Amino acid sequence: MTKRDLLSAADLTREDLENILELAERTKGKRSSQILAGKTLGLLFFDRSLRTRVSFEVAAVQLGGHCINIFADREMYDLEPDDQAVMDGLAEESVKDAARTLSRYVDALGIRQLRRTGSWEEDRREVLLHAYAKHATVPVVNLESTMEHPCQAIADVMTMRERLLRLQGRRITLAWTNNPLPKNIGPCHSLLQMAALSGMEVTLAHPLGYELDADVVQSATTHAERAGGNVRVVNSLEDGLRGAEVVYTRSWGSTKYWDDPERETMVKRSLQSWLIDETAMQTTQNALFMHPLPVRRGVGVTDAVLDGDRSVIYEQAENRVHAQKALLTHLLG
Amino acid sequence: MTKRDLLSAADLTREDLENILELAERTKGKRSSQILAGKTLGLLFFDRSLRTRVSFEVAAVQLGGHCINIFADREMYDLEPDDQAVMDGLAEESVKDAARTLSRYVDALGIRQLRRTGSWEEDRREVLLHAYAKHATVPVVNLESTMEHPCQAIADVMTMRERLLRLQGRRITLAWTNNPLPKNIGPCHSLLQMAALSGMEVTLAHPLGYELDADVVQSATTHAERAGGNVRVVNSLEDGLRGAEVVYTRSWGSTKYWDDPERETMVKRSLQSWLIDETAMQTTQNALFMHPLPVRRGVGVTDAVLDGDRSVIYEQAENRVHAQKALLTHLLG
Amino acid sequence: MTKRDLLSAADLTREDLENILELAERTKGKRSSQILAGKTLGLLFFDRSLRTRVSFEVAAVQLGGHCINIFADREMYDLEPDDQAVMDGLAEESVKDAARTLSRYVDALGIRQLRRTGSWEEDRREVLLHAYAKHATVPVVNLESTMEHPCQAIADVMTMRERLLRLQGRRITLAWTNNPLPKNIGPCHSLLQMAALSGMEVTLAHPLGYELDADVVQSATTHAERAGGNVRVVNSLEDGLRGAEVVYTRSWGSTKYWDDPERETMVKRSLQSWLIDETAMQTTQNALFMHPLPVRRGVGVTDAVLDGDRSVIYEQAENRVHAQKALLTHLLG
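Residue numbers (numbering that gives the first Met the number 0), protein chains in the order written: chain D, 0 to 332; chain L, 0 to 332; chain H, 0 to 332.
Calculated directly from the structure, the hints in this document are not laboratory data. Take these hints with a grain of salt, some might be off.
Under the rule of at most 25 Å between Cα atoms (straight-line distance), these lysine-lysine pairs were calculated in the DSS-like manner [stated by the list, open to error]:
| id | chain 1 | residue 1 | chain 2 | residue 2 |
| --- | --- | --- | --- | --- |
| 1 | L | K27 | H | K38 |
| 2 | L | K38 | D | K29 |
| 3 | D | K38 | H | K182 |
| 4 | H | K38 | D | K38 |
| 5 | D | K27 | L | K38 |
| 6 | L | K29 | H | K27 |
According to the in silico footprint, chain H covers these stretches of chain L (three or more CB under 8 Å from chain H) [unchecked claim]:
| id | stretch |
| --- | --- |
| 7 | 43 to 51 |
| 8 | 59 to 70 |
| 9 | 293 to 303 |
| 10 | 310 to 318 |
Computed footprint of chain L on chain D, listed as stretches where at least three residues anywhere in the stretch have a Cβ under 8 Å from a Cβ of chain L [said to hold, decoys possible]:
| id | stretch |
| --- | --- |
| 11 | 14 to 23 |
| 12 | 44 to 57 |
| 13 | 60 to 72 |
| 14 | 233 to 243 |
Note that the structure is predicted; figures quoted are calculated from it, not measured. Don't be surprised by glycine CBs; every beta carbon is placed ideally from N, CA and C.
Just chain D, with the same shape it has in the complex (with noise of 0.2 Å):
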């Protein structure tokens, strides 16, 4: 059998997301089953997390198993990605090694890897993930990278369903909002291909510079109209905003920019009317408001918005568990 490995939403097709959705469904709130009985997961931690690690460990206690957590920078030493590698430098040890060795001791890995070396080229290319994935014999699951954060998209999408019931042909607007620091992309390009591969109608709307990635929405595009929906872009939260069944919100960091911060800075400067306030949620469908967390009250969503009926944060972040515990069920049960 060959391993699966959860790098992207793209690893999934529409029957995986489909199967995962419907056992977490079917599931939450339920007494599991120990299906991880005497099992480990080994969690790799570059950066910081809060929401994935505790709701990882919780979802495979609940199974049964057990998650050893590795704060790698502290941990560990400097892994070196590259096969061809002399490794006469900093890296005592190569991802091949790190990767083979773990996968005889856990039946899964997770890794999180933010990385901002300055280069959007090399920093999508997510290396390490890559040499995890390529070396480990066992399933490894992106717990966030650069690109993507596929286990908060499956959240998310799970949370859409149990209010909106059927998702096909349902309007969602992906909005940027103006915040201080950069935060990461990867959970909107997740969601964008999640909400494509269920067939929603989705509008992208962000200003001039803070496009998604062009081959995430190319993709996304296709895996839409398939399903009976599309994508399309605007770059103004009012025209975005207009008719939106699902506001989904989050302030990510310019990927033209990714090179130069301070410019970053002063563009952000003329973008302070993205921002989501009641008047905004208005102009939709009676939106439902999501957001992955965190978030940085009153800048960029205010509190009335946060905390209004409409808004279904800590749902999305109960469903981490929920679907969390499904996709392990797919991936090792």
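Following the hints, position chains L and H against chain D.
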């Protein structure tokens, strides 16, 4: 059902304390019921810990549960405790959202944070701990804060009951000792309140400038008198020890010099006689010797006292596990 | 019953080693008995770890137990190993009190500490490890120290037995290789002793200045001769490899230049020929290739050797789990 927190000794009634202690005594050393099977505790450490962290995790494991330890300063990002803040500073998430999210994942939260901003009035408010308690929908347990360490105090009272059986009317002296680095006052505040609740005759022996918090002393005095005991303060170690049946010692930092550590260092030079040795212990009524640890051996207390046959320091440490198992049963069972 | 520690390979008799290996071989890959159910291991890491940490936790989980990992430098405070010290320095607690306290909580302790103070005579005494072993009342296991790594060596011997069946009289060469950064000598000391205990014919091949510890070599020689083997030293890699049935390699730091790393760097410039490649391996008797990892690929050993069909490096890594399950059963079962 309202959730029960344990932020302060004051959160326990006399009956609560009695129930917890009876359960701890009854189940000490016995095979544990698995009341936490499939349950998880999220423990947030903003400060270092040995006893609390390990004893809590062992308690949870013996009850079938699982602890997720989060070393907050390194593994999470800054959190904003103020509900009303516009979050354009360092904090990337509000305590509100973190507490609400974690409450969807874990069955209880524990928090250790010892603040030292330089303002005692600010630090004694324990803003972060109270923000978590306000927003979490699961029980929050204080794992040691600026003001309190109730889990230590329950274990301390348990240890006294094992040796003295009935505590009402027994004479305990809580004695300050000298130490190059100030330690947290919290364990003293919690022990004072629980000794008072148990009807003990409590003597606080400390130099001028080392007063316990006035509100805590006031409340403890009321509780002690109601329970048949009393609280008195002396500023002489000799007076404090005379006739004591229990000597409980700890070198706490002065809240008076909270904003001026250099002045405290000067003041302490004249307090070298605040030391517990065998000669000092001979003036007591063959008193038990107690210390919550860690202790600097030879500094404040001699090895002969710490290792003497009236010392119960390791029993106190061990009883952390049994007391916390009973506490978790009380809160979650 | 006296507690059993495993601080050094010398703590195991030939019969102990035989029993542990037989148990490991018998239970490898089998469903584990839950002999650690409800039990906890406290693992103190003063240095980074991948294999040891993960393989120990997996071993414990498979036996139904639970590891509490403590990253000592960040999560605890300084501890004083000397019983007699007056603790007016940095240390806030004695090893005595920490070890006694932890012994009330956990069923065994593991400790990793690699010291490099600049004095080999000081560091080889392993003061902290021995202070824990002295004061703990539960078994203490060495998770790699300045002098030893017995858990690695048990897995190494297990791996050789799987391939060679009977070890008595088999020729193993323990060969130094060149490496920009010196690695710990401990795995070599432990492997030497266990190979000797198994009656192997051991060749130590290293340049002048890279001698193993004289006491360890002396003791291993005695044990080897008693068990029908022997120990010899050569200062030529070519001589060392000729006719070997097992090549075990590691680039260890010189204890002679322990206080003068710059001089060692100079010395190593003339030792570039200490490299294991396919040509070097052809002079052996089709030897197994072993390495305890981590390894710098292309430095000291070529990829062709590491990935060749005589390499058992991942079997060594995997056997850590099986050997440690047997060890834990031996110590605690």
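Taking the hints in turn, this is what the structure says about them:
1. L/K27 to H/K38: Satisfied, since the Cα-Cα distance of roughly 15 Å is no more than 25 Å.
2. L/K38 to D/K29: At roughly 13 Å apart (the allowed maximum being 25 Å), D/K29 and L/K38 satisfy the hint.
3. D/K38 to H/K182: With a Cα-Cα distance of about 32 Å, the restraint between D/K38 and H/K182 is violated, given a limit of 25 Å.
4. H/K38 to D/K38: holds, 17 Å
5. D/K27 to L/K38: holds, 15 Å
6. L/K29 to H/K27: Between L/K29 and H/K27 the Cα gap is close to 33 Å, so the pair fails against 25 Å, i.e. violated.
7. 43 to 51: holds (count 5)
8. 59 to 70: holds (count 3)
9. 293 to 303: holds (count 6)
10. 310 to 318: holds (count 4)
11. 14 to 23: Three-residue rule not met by the stretch 14 to 23 of chain D, so violated; n is 0.
12. 44 to 57: holds (count 10)
13. 60 to 72: holds (count 3)
14. 233 to 243: violated (count 0)
Comparing the model with each earlier hint shows violations of hints 3, 6, 11, 14; every other hint is respected.
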